[in-house]
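Residue numbers (our numbering), protein chains in the order written: chain Z, 357 to 665; chain B, 44 to 395.
These aren't lab readings, by the way, just hints derived from the structure by calculation.
Backbone N, C-alpha and C fix where the C-beta goes; we use that ideal spot for every residue, glycine too.
Do not take every clue at face value.
[Claimed, not checked] Computed Cβ-Cβ distance ranges for the label pairs, DEER-style:
1) B:I61 / Z:I382: 35 to 45 Å
2) B:G215 / Z:K567: 48 to 58 Å
3) B:R145 / Z:L651: 32 to 42 Å
4) Z:Y448 / B:Q339: 41 to 51 Å
5) B:G148 / Z:V503: 33 to 43 Å
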Amino acid sequence: MRIIGGQFVLQFFIRKIVQGILLLLITSAAAFFLLSSAGSDAFTSLRENPQVSAAAIEKLRASYGLDRPVIERYGSWLASAARADLGDSFYYQVPVAQLVLARFWSTAILAFAAIGIACLIALTLSFLNVRSRSRPLSAFTDGIVLVFSSAPRIVISLFALAILVSGAVTSVFWLSAISLTVPLAALLLAQFNQSLQDAMLEDFVRTARAKGLSETTIILRHAFRAAINPALTLFGLSLGALLGGSVIVETVIGRPGIGSLTVTAVRNRDIPLLMGVMIVVSVAVWAGNTLAEVLQFVNDKRLKAQDGE
Amino acid sequence: MSDSGGKNRIPIAAKAGILLLAGFVLIAIFADFLAPYDHTSQSRSLPNAPISTVSFADDSGSFSLVPRVFEPKMTDALLQSYTHDPSRSAKVELFAKGYSYRLLGVIPLDRHLFGTDSDEIGLHLLGTDALGRDRLSRLLIAIRFSLIVCTIGAAFASIVGIALGLVGGYAGKIIDTVISGVADAVISLPSMIVILAARVAFPLELPPLTAALLLVGLFTVTGWAEMTRLTRGLVKRTRTLDYITAARISGVSGSRILVRHILPNIARPLLTQATLILPAFLLAEATLSFLGVGLQEPEPSLGNMLAAANDLTQLREHAFVLLSPAIVIALFVLAVRLINTGFTSNEDRKNF
């Protein structure tokens, strides 16, 4: 299916790739200089140990290259990062790239499950609302949005832990996914419910009704398609929010992933590992935004005309 | 609440939110007076004591208006299980004498809203923690700390964000591109991971005041961008209006136009955004303290009190009291949301 012109696609991807490279350079440089200039590293705590002499610590730092100037270190970090080598983790003593990717996968699967649950709730409730137009259901939806959006992940995941401890539910994965999804589900529900209601007032819905299509078909085939675009923008942003949310959910419930890895890196001042986390998260966020934009293009041809200016 | 329906539903929601928030502010101001015990004083003989047993019967067994509280007695030191000693009790009294403090930071006082007439038998409405400290007192002080840090953080983030947004929206293309580019990057990155990464640049263990200042700093650095994006958009929309053109033609300087003519006209949505930052910062503070890199023991914060709930055996035994800080967090977020939805809907309906 040919939707948009070839040259246009090329321009779009070049712009996106330049944006991505800039984002990576900015985040990595900011993180590297901030973390290196602070004057403390993985060996700072060793200084308090009377058994270890200052000379020994310096030797150790030199063996990891920590005695060189910051600019030089960033340069060599960047050079090896370009070859997908992010160095070794101080704490785990394994290659950072491998560790971070493995943990990222684990969280990504969780995030997809969370997005799935959020979609299921948002689409079902919005559909029922528009189809039935019942006041109690609409009030119920507002209530769900209010309660879900006020239930922070730290609270939900602790309650999930309490449930896990009580033995009522034993699936760590699904409890984590539900803890992760709760505020997102509220956002998505509020957004989609509103845009679906707006879409039902559009002319094309009236046309479809005049053609004699059933109300269910109109909602599912026509209104959904128009209403989904704002929700797609939300998806792009939600990936970042979900990765951030995984910090607390994974730490509380004790599931290995990118969030709990960040916490371990922070507690042990594992700077190469933190850099790796920042890089993977930046790439993921960039990819999420790009994907959301592509999906929007595919879904809505009008955007093409807008972006041409 | 959600079932009541009808036209008045939203304003009632906003009222409930304001009432809740006012409660939080009162707790923050009078935390010392409301807290029956010193939040750092420990009684090692009573670790993880349950909620005090209170009875409205006097010694002879008949009803009395003055409640009595019984002394908890440990039955198993290993499992830390308790019963109470019916022979040893103290009277609950209002305005009881307790530790001395300064009300509002000035008036020296040693009276507290409630307490008991005995030094040995305490009234612990939320039990005690692992070091035998009164959990309710700690919770009240924690609310005060969190509220102060979040409010100052939100104020700073808003000021920085609005300033950058005004400059970006009004200045030339290059400055605008740089500011909005950085703002977009900051918004898209998960703030919790950025805050944690930035936190590592500082020593992990910090004294309370330094920790509070650092938290405010971190919130400002990560929280300005949303505000900048909003301000910039509003400025762009406003600057093309006729009255701004009129001001420019009559020779008013750019900075004066921004501060005196544009800012007052876009203040309302900015204020709404500023209130939305509050719960986000409260959660960030709780998360950092929970992870042990925010405010640290012995000072209480909502986050480091919640860390006790991560102990599975304790959580099974005392789920309610351990999760009480979580309930406080949820109520605070709810209060802000109620006010926010109430007022935005009001604006839409032109009832305001």
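Now the hints, each set against the structure:
1. B:I61 / Z:I382: 35 to 45 Å: Holds, at about 41 Å.
2. B:G215 / Z:K567: 48 to 58 Å: Because 52 Å falls inside the window, the suggested range holds.
3. B:R145 / Z:L651: 32 to 42 Å: About 59 Å separates the Cβ atoms of R145 of chain B and L651 of chain Z, which means 32 to 42 Å is violated.
4. Z:Y448 / B:Q339: 41 to 51 Å: 26 Å, violated
5. B:G148 / Z:V503: 33 to 43 Å: For G148 of chain B and V503 of chain Z the Cβ distance comes to about 37 Å; the hint holds.
The structure is inconsistent with the numbered hints 3, 4, although it conforms to all the rest.
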